[in-house]
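From first to last, the protein sequence lines are chains A and B. The opening position of the first sequence corresponds to residue 0 in numbering that gives the first Met the number 0, with each subsequent residue numbered one higher. The opening position of the second sequence corresponds to residue 0 in numbering that gives the first Met the number 0, with each subsequent residue numbered one higher.
Some clues are possibly wrong.
What the hints assert, rightly or not - One side of the interface only, derived from the structure: several residues of chain A facing chain B at Cβ under 10 Å:
| # | residue |
| --- | --- |
| 1 | A79 |
| 2 | A131 |
| 3 | A200 |
| 4 | H202 |
| 5 | F212 |
Claimed, not checked - Here are the computed distance ranges between Cβ atoms for each label pair:
| # | chain 1 | residue 1 | chain 2 | residue 2 | range |
| --- | --- | --- | --- | --- | --- |
| 6 | B | P346 | A | R88 | 52 to 58 Å |
| 7 | B | F212 | A | A385 | 39 to 45 Å |
| 8 | A | A169 | B | K155 | 55 to 61 Å |
It is worth saying that the hints were derived from the structure and are not from the lab. Glycine residues also receive a C-beta, built at the ideal position from the N, C-alpha and C atoms.
Protein chains: 2
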Amino acid sequence: MSSPDSGPASEPDGGGLFSRRRLLGAAGVSAAVVGAAGAGALAGRASAADPQAAMNAAVPFRGVRQAGIVTPAQDRMHFATFDLTTDRRDDVIKMLREWTHMAERMTAGAQAARDGAVGLNPYSPPTDTGEALGLPASALTLTIGFGPSFFGRDGKDPLGIAGRRPELLADLPKFPNETMDPSQCGGDICIQACANDPQVAVHAVRNLARVGFGTAAVRWSQLGFGRTSSTSHAQQTPRNLFGFKDGTANIMAEDTGTLDEQVWVRDGDGPDWLTGGSYLITRRIRMRIEPWDRTTLIEQERVIGRAKGSGAPLGRADEFDALPLDLTGDDGEPVIDPLAHVRLASPEDNDGVQILRRGYNFTDGTDGFGHLDAGLFFIAFVRNPATQFIPMQTKLAKRDLLTEYIVHTGTGIFATPPGIPDGDPDAYWGSTLLEG
Amino acid sequence: MSSPDSGPASEPDGGGLFSRRRLLGAAGVSAAVVGAAGAGALAGRASAADPQAAMNAAVPFRGVRQAGIVTPAQDRMHFATFDLTTDRRDDVIKMLREWTHMAERMTAGAQAARDGAVGLNPYSPPTDTGEALGLPASALTLTIGFGPSFFGRDGKDPLGIAGRRPELLADLPKFPNETMDPSQCGGDICIQACANDPQVAVHAVRNLARVGFGTAAVRWSQLGFGRTSSTSHAQQTPRNLFGFKDGTANIMAEDTGTLDEQVWVRDGDGPDWLTGGSYLITRRIRMRIEPWDRTTLIEQERVIGRAKGSGAPLGRADEFDALPLDLTGDDGEPVIDPLAHVRLASPEDNDGVQILRRGYNFTDGTDGFGHLDAGLFFIAFVRNPATQFIPMQTKLAKRDLLTEYIVHTGTGIFATPPGIPDGDPDAYWGSTLLEG
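Isolated chain A (complex conformation) (with noise of 0.2 Å):
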């Protein structure tokens, strides 16, 4: 009584996938349909000829970088972090292993594990749970930080990592204006999932779940159902859910320049097993929306700084111009606001700081008093909190004009470590840290 769909398979380093798409013979995307070693280049072709080919397409897993930083920022979430439910070291190990084993096919488009949905033996649970079968790869990245507390905590130290700890990577200061809810707080490790179809996403994280039972617990888990940000020039800039185009300014995949001074952690920057990666800081903003929406047009569009309807600058034209922030108006006063959100987040009010930020937007039922619990989950990316998010996030939370809209109920930082190297079968997430 198995499937009748069961048939062989070989696994990525032999070179070909067992696609979630080719088992089930269904016709469609071949984008989808090819190794790991083949996705990039098929990728980029399809996105010249077709953009919709480009959305199913895969996202290559190993490189220099983790994927999910600076790939092109895919529409939807599932953002998940675990804590370990064990003390040993071997245990870890063995689960990291397995997770990269699986991400690695996962975003290939094919089953978390070789026999899968439908596998050989019916006498087995199932390798994947199966609701991303016939599915395309969707652009699936998978992106792994550790946490402040996967160094140990209460003075122990039980994989023995506690003096690689980073010092940079600490729990965020209490800032003003927030109200956490510390089960949205944390965590040992965090799994950034992106893809354009949610089921891939939250398959994804439900997989990775699945085989830390014993190991890891999901502690929190978040869905984001529209993306805010753009993270390359190829994309068209996004609405939040207070309406406006957000991220317009934000660090592109282009900018390389900028990249490698913002957001990758660089040699002698801090421990060695995190060089080529970075730091992610997660906040959950819950918006206000129902004050916001009965506030004036010019009011919302003073408080953010830029038009609601094309994203410009006040008194630009064009969402790119640069923020006129010298700008006077008839009455002498500043056309941006000295308290503007885009002033106060600018590089030129920061002293040249800039972070990359990677948002989508949430809904989360009501809060029980006949609202939506709606808001932003913004992820960043930078390469030291300490002189960038946090210097950032202390004046907006005094002094942005944003602050009377939104509260902050969730956050977390993880050091993200670099990519997975091409060719190399003994890395695995974590390798860098926990074998260095």
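Keeping the supplied structure of chain A fixed, place chain B upon it in accordance with the hints.
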């Protein structure tokens, strides 16, 4: 400092709509830039020529039936219920008129109101919240329903319609194996927003909630990230979070005879105002995915009664083969277990009863015990809850093998009136009930 995007607009009744895309001068999908009158025809053409254009196109709002019932199931959903916060009948009618006007505009791809997010008067709050600016209609449908409590409660009848409540519109009984969370049950009014872009669905619910302020408040809302039913033979069957194809044997839009028999309320079935409408039943079904994932493939397939890969009934090869309910194996036992889900839910086992399903996968963070809070938001449309849903669910809750792996945590029942006729300027959501 108002946006340079502002411009003149015309009302839907005047034949032209203030398109979100035309407003912004965005290049791209022309299917969204059509008036309501032409949307149907264009959607039809787009469907044949270009699947993506069909995903983006507008679904006609007006018609004999409400859209969103037999409309080909869109990929994403935002479902919300509201409680009245006023006893004033006139205010309720005013809100329903405004909602109807906004719904017609938004489903056509226009902003919620004429001036919109970047209206002519910057000293007023925008009449659209803006987060869908630039997005196509995305096949948005908005479907309204009225719960038992809309007709009064605690012996009070503020709207003067207690006598018009259909006898069949009553809170569902308590079934076995449910742990209801009152904050996820019931509601005076429901709005089902389905669209192929979740931002478009969330935008619609949020704007209705916005103008409802003072008259109705959100009671609960549910985001569904992926559809689990097809409602047209033209659609591929999607998968639920147990990894199985779901809805293979659904009533399809093409099955007009079955729809007339099983879904649409007929003349004489109850009060005249509901003739041509239906009953909408919601069940928030939490899936116990962790024990399920540790179950063998053969057991999963026994529980469901279908092969996991192909979706074919056990003992048959093709997904759409009829269930071989009488087939026995070499051991003399039924190939489809006597308590398999597909058997107990089949028309053959329910005196011919069928229900129209419209389900969505959800994940709402975690349960606080290391597990994802995930499952299926089940929506059914039936002609008669008492002879269709209630007996079927009573049996399933007691006997279905699947019951070991699920728990129902939310419930609701709503009467969905017939559609708003073409060319009737006085009709609004609920007018057959409130004006009849």
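Checked hints:
1. Given the 10 Å rule on beta carbons, the hint for A/A79 holds: about 8 Å separates it from the nearest Cβ of chain B.
2. A distance limit of 10 Å between C-beta atoms decides the matter here; for A/A131 the minimum to chain B is near 8 Å, and the interface restraint holds.
3. With a cut of 10 Å, the hint placing A/A200 at the interface with chain B holds, because the nearest CB-to-CB distance is about 9 Å.
4. Annotation: interface hint on A/H202 holds; nearest CB of chain B at approximately 9 Å, less than 10 Å.
5. Taking 10 Å as the C-beta contact cut-off toward chain B, the hint placing A/F212 at the interface holds, the least distance being around 7 Å.
6. Between B/P346 and A/R88 the C-beta distance comes to about 56 Å, which sits within the given range of 52 to 58 Å.
7. Distance hint check: the CB atoms of B/F212 and A/A385 are about 43 Å apart, consistent with the given range 39 to 45 Å.
8. Distance hint check: the CB atoms of A/A169 and B/K155 are about 57 Å apart, consistent with the given range 55 to 61 Å.
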